[in-house]
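From first to last, the protein sequence lines stand for chains A and B. Counting from 1, position 111 in the first sequence corresponds to residue 111 in my numbering; the numbering is continuous, with no gaps. Counting from 1, position 160 in the second sequence corresponds to residue 160 in my numbering; the numbering is continuous, with no gaps.
Wrong hints could be hidden among the right ones.
Since copy identity is lost for identical chains, a pair holds within one copy or between any two.
Under the rule of at most 16 Å between Cα atoms (straight-line distance), these lysine to aspartate or glutamate pairs were calculated in the EDC-like manner [said to hold, decoys possible]:
{"#": "1", "residue 1": "Lys176", "residue 2": "Asp19"}
{"#": "2", "residue 1": "Lys50", "residue 2": "Glu73"}
{"#": "3", "residue 1": "Lys50", "residue 2": "Glu35"}
{"#": "4", "residue 1": "Lys176", "residue 2": "Asp75"}
{"#": "5", "residue 1": "Lys176", "residue 2": "Glu76"}
Simulated from the structure, these hints should not be mistaken for lab results. Since the model is a prediction, treat every value here as computed from it, not as a measurement.
Protein chains: 2
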Amino acid sequence: MKFCTHCGHPLVLKTPPGDHLPRYVCEHCGAIHYENPRVVVGCVAEWQHKVLLCRRAIEPRAGLWTLPAGFLENDETVEQGARRESREEALAEVEILAPLALVNVPHVHQVHLMFRARLAQGRHGVGAESLETSLFDEASIPWPEIAFPSVRYTLECFFADRRREKFEFHITTWSKPLSA
Amino acid sequence: MKFCTHCGHPLVLKTPPGDHLPRYVCEHCGAIHYENPRVVVGCVAEWQHKVLLCRRAIEPRAGLWTLPAGFLENDETVEQGARRESREEALAEVEILAPLALVNVPHVHQVHLMFRARLAQGRHGVGAESLETSLFDEASIPWPEIAFPSVRYTLECFFADRRREKFEFHITTWSKPLSA
C-alpha cells in the first residue's frame, strides 16, 4: 500500500494518535487506511453419506482437493457466501445446516468459517476454478492430496462428529509452519 | 476508492474477466482492489454471575452500553482480538471460553463474532473508548440503552443458555432496518 485511495498522494506508515498499531496514513487528506483479515466461507456438503470435494484448477495448491470455499463478499451473509462458493466451484446447490468449524489463519490474515450442508439431489459439476468435482465416502477421502490444513481439520471434525452422532462447532488455529 | 494504492493512478469500476462482481481496477498497473467484510470480535465476560458492559465514549451510539468488542486486526486470532478489545475498552483480562454468537451485519459489511469469557478477579476499568464500565446481573441489564442489536442478541443468547445450563453457538443476521 503506497498511495492514498481517496486522493492519490503517497502514504506514510505511522501510528495515529490514540491508536496502538502503525497504519498507512495520508498526510495530504488525513485518511487512515486500515487493513483487516478476510473471511473465507465454505461447506462440507453431504449427500447419501458422501461429501463433495473439488480438485483445484488454480494456485495455491492447484491439483489438490478442497472443499468449496472462497472469500466472503460485501453485502452477503456467511451462509450466502458459502452457498455462492458451492455454486461457483462445484455447480452445486446446497442447504446450509449449521456452523462446523472456524480456523484462524493469522499468518495470511484470514479466518476460515466452514458449515455443514446438504447437497441438493447429489448434483455437482466442474466450476471455473475446479479441475474435477467428486463425492467421497469417509474411507475414500484422498487425505494426502487435501489442499489446506483448514480443509483437513474441517473434514476430520465432520467425520468424528458424525460417528458419535453429535455435531458441534469447532475452533482452532492453523499456525505458520516452522519451515516457512 | 478512487486511486490505485500500488501506483496512484485513477481507478475504474468494472468486472474483471472471469469475475462476477464489479471491482476497482487500475488500468495503469492492472491491480484489482477487492473490498471484503470486516470481522468484529468481542465477548461476554462473566464474574460472579454478572457480565461486563462498557458505556461508549465514541460514535456510533455514544452514551449507550455495549460488550467489549472491535475490529479484528491482521496477525491475530479471533480469540486474541476479543482479549485485546477487553483490555483496551474495559482494562479487563479475560479468559476466552467458547464461541457464543455470530451475527451477520451485511449492510455495513461486517461479521460480529462474540465469545463467552471469564473475567479475571472481577477487575475492570474505563478504557479510552469508554465512559464507564460496570458489572450487571441479568435483572439489571439496561436493555433500552444497549448500543447495537448484535449486542442485545448476544446477551439474550448468553442468559437463555445459562438458564438452561447448556451453551451453544448461535448464528443470526441483523438486517438493515426498513426505516434506514
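### Query
Among all the numbered hints in the text so far, which are the ones the structure does not match?
1, 2 and 3
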